[in-house]
Amino acid sequence: MAKRQFVLSEKQDNELIGAHAQCKDGPTRTRLLAVRLYGTGYPTREVMEITGCSRTSLLEWCGKYTLNGIEGLMDHRLGGNHAKLKPEQIAEVRQLVHEYTPHDLLGLETATRDGQFWTVKDLAQLVERRFGVVYRSLNSYYRLFRLCEFTLQRPARQYRSRREGDVAAFEAALEANC
0 MAKRQFVLSE KQDNELIGAH AQCKDGPTRT RLLAVRLYGT GYPTREVMEI TGCSRTSLLE
60 WCGKYTLNGI EGLMDHRLGG NHAKLKPEQI AEVRQLVHEY TPHDLLGLET ATRDGQFWTV
120 KDLAQLVERR FGVVYRSLNS YYRLFRLCEF TLQRPARQYR SRREGDVAAF EAALEANC
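Taking numbering that gives the first Met the number 0, the leading residue of the sequence shown gets 0, the next gets one more, and so forth.
I should point out that these hints are in silico values taken from the structure, not numbers from a laboratory.
Take these hints with a grain of salt, some might be off.
Capping the alpha-carbon separation at 25 Å, the derived lysine-lysine pairs in PhoX-like fashion look like this [unchecked claim]: (1) 63 to 23; (2) 23 to 10; (3) 10 to 83; (4) 63 to 120.
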């Protein structure tokens, strides 16, 4: 059986206790506790059970602590797409998509030929033009549509190769028979 390489000194243990007591962020507190328990000799399985982390995460956190100290265990994630538009900007988008068609706001640069109905591409173009915001994920645009109280509407199937003249003649004949 391999001997554990990661062992905390009394000073490091006290430092982790203090940081854990001061920390308000749940995930960071979990990392601090896991590293402290593992470094003071608790069995790996027990640490995993107490903190709910995986063995891989536990060893990764210990490595980060060794390299960067407590700072290495802090949560450094930045907010995602959700923070790009302010609530008043979302309200403005909601008002625009309810009052205008894509053709009204985007002109000929709409995703569909007639620009009558809003698409994700049209919404993306509107948000970029108005607010200079580009989301990385299409899901962010879907979420924005939901915030605007829009629902997904799938278009009816339509054959692209149909001939409009034949369709008009068929409709005329149908109307004549009725």
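Hints and how they fare:
no. : hint      : verdict
1   : 63 to 23  : holds, 20 Å
2   : 23 to 10  : holds, 22 Å
3   : 10 to 83  : violated, 42 Å
4   : 63 to 120 : violated, 42 Å
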